[in-house]
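6 protein chains.
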Amino acid sequence: MGDLVPDNTLITPDAEAGRALAIKVARLTIKAMQQDGEIRKKLRPQYAESADSLVMAGHVVAIEFATIAAANNYWR
Amino acid sequence: MGDLVPDNTLITPDAEAGRALAIKVARLTIKAMQQDGEIRKKLRPQYAESADSLVMAGHVVAIEFATIAAANNYWR
Amino acid sequence: MGDLVPDNTLITPDAEAGRALAIKVARLTIKAMQQDGEIRKKLRPQYAESADSLVMAGHVVAIEFATIAAANNYWR
Amino acid sequence: MGDLVPDNTLITPDAEAGRALAIKVARLTIKAMQQDGEIRKKLRPQYAESADSLVMAGHVVAIEFATIAAANNYWR
Amino acid sequence: MGDLVPDNTLITPDAEAGRALAIKVARLTIKAMQQDGEIRKKLRPQYAESADSLVMAGHVVAIEFATIAAANNYWR
Amino acid sequence: MGDLVPDNTLITPDAEAGRALAIKVARLTIKAMQQDGEIRKKLRPQYAESADSLVMAGHVVAIEFATIAAANNYWR
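Protein chains in written order, with my numbering: chain A, 141 to 216; chain B, 141 to 216; chain C, 141 to 216; chain D, 141 to 216; chain E, 141 to 216; chain F, 141 to 216.
Isolated chain A (complex conformation) (with noise of 0.2 angstroms):
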């Protein structure tokens, strides 16, 4: 399975892998709480066509990436 986590693991090769997860992460929660693939398509533009929608949504993908980031110990 995996459908929160994909691969079941948060860590990566680098850190770009490790950005696309917190985005891939962020996204799959919505999914779980919004189960229902119609409505999630009707929102999607709500945010994706709203500045203040998209910056809470990078919100989100940054504190995902904190905590991916610190698994990877910041791929030093």
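Hints listed in this document are in silico derivations from the structure and should not be mistaken for laboratory results.
Mixed in with the good hints, there may be bad ones.
[Stated by the list, open to error] FRET-style restraints, in silico, Cβ to Cβ:
{"no.": "1", "chain 1": "B", "residue 1": "Asp176", "chain 2": "C", "residue 2": "Asp176", "range": "22 to 28 angstroms"}
{"no.": "2", "chain 1": "D", "residue 1": "Asn148", "chain 2": "F", "residue 2": "Glu189", "range": "39 to 45 angstroms"}
{"no.": "3", "chain 1": "D", "residue 1": "Arg167", "chain 2": "F", "residue 2": "Pro146", "range": "44 to 50 angstroms"}
{"no.": "4", "chain 1": "F", "residue 1": "Thr149", "chain 2": "D", "residue 2": "Lys181", "range": "34 to 40 angstroms"}
{"no.": "5", "chain 1": "C", "residue 1": "Asp147", "chain 2": "F", "residue 2": "Lys181", "range": "45 to 51 angstroms"}
{"no.": "6", "chain 1": "A", "residue 1": "Lys181", "chain 2": "B", "residue 2": "Glu178", "range": "28 to 34 angstroms"}
{"no.": "7", "chain 1": "B", "residue 1": "Arg216", "chain 2": "E", "residue 2": "Thr149", "range": "19 to 25 angstroms"}
[Stated by the list, open to error] List of simulated lysine-lysine pairs, DSS-like, C-alpha gap at most 30 angstroms:
{"no.": "8", "chain 1": "D", "residue 1": "Lys181", "chain 2": "C", "residue 2": "Lys182"}
{"no.": "9", "chain 1": "E", "residue 1": "Lys181", "chain 2": "F", "residue 2": "Lys171"}
{"no.": "10", "chain 1": "A", "residue 1": "Lys181", "chain 2": "B", "residue 2": "Lys181"}
{"no.": "11", "chain 1": "A", "residue 1": "Lys171", "chain 2": "A", "residue 2": "Lys182"}
Just so you know, even glycine gets a beta-carbon here, dropped at the ideal spot from N, CA and C.
Since chain A is already given, all that's left is putting chains B, C, D, E and F on it; use the hints.
Positioned in the frame of chain A, the structure of chains B, C, D, E and F alone reads:
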């Protein structure tokens, strides 16, 4: 009992379970603050059908997950 | 005394108690900022019957819990 | 002096004092950003009589407290 | 490649460069979530000419910077 | 130079100076995102005369301060 933290522990076998716990813990807090099940049911569409509300809920899950991930030493 | 932190400690026996403390501490801060009990009572439905407000309150609990969990070394 | 951090230190004798410092530090920042006391007085009911505003203010206190608690090694 | 993290690293020579990276990384996430350049251009005034939106964007930069600063051991 | 981080360092002599740096750094980010001084001047009353906006700005300062405090090992 364990009304706020299932099994009274932050330790989970893997990242996937940690993520599921983050969602669960966030919901249990809402439940503790609004104990009337009828009202909670009425409120559910308010957030599950609004893009911004879903992102705000996902934000809380991200913070809960950061704590759980640290507790589990990131399942490294 | 102990108007802001019950028993003046962040240490709790387990995660469940830590979570309860997080909720308590968040509420005591609100109480300290709005000391008029009549006004607080009037405000309560404002947040307890709004999905977004409950999520915002849950957000604060998540942050308080992160601190308490770290203080307790995650009850590992 | 010490317009932003009372006594110029984050160290407090106990958790209760740390919490009080968190509230104080949050207020002093507002004061530094809006130095006109008349305007601040006018704004006070805006947040003290709105549930969401109080939660937002409590949110800031939670973050300040996280820093102060870490500074004090959680008064362990 | 490196669409999300420039040069695929969080390590920067100094704090100034770390701060610039935080702004860049926040913007690249927005870009990844809204890939239509025309829409992004249309949204820009929405946040750059609203005080609250700028503060919200600055909030995200602050979180990205916290991660980058930790990665660089605070350039101590 | 140093358009984003004054003196290009997070290290300050004490907590008071660290707090002042947090406010400064938050402002410099806003300035970098909205470089038109006329627009910034016009926006200032928008946040300095709204309780919620001031709290939101204080929130960002709290996060910047957390990073600076950690960088300085909390001036212990």
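Of all the hints given earlier, name the ones this structure violates by number, lowest first. Numbers 2, 3 - these are the hints that the structure violates, sorted from lowest upward.
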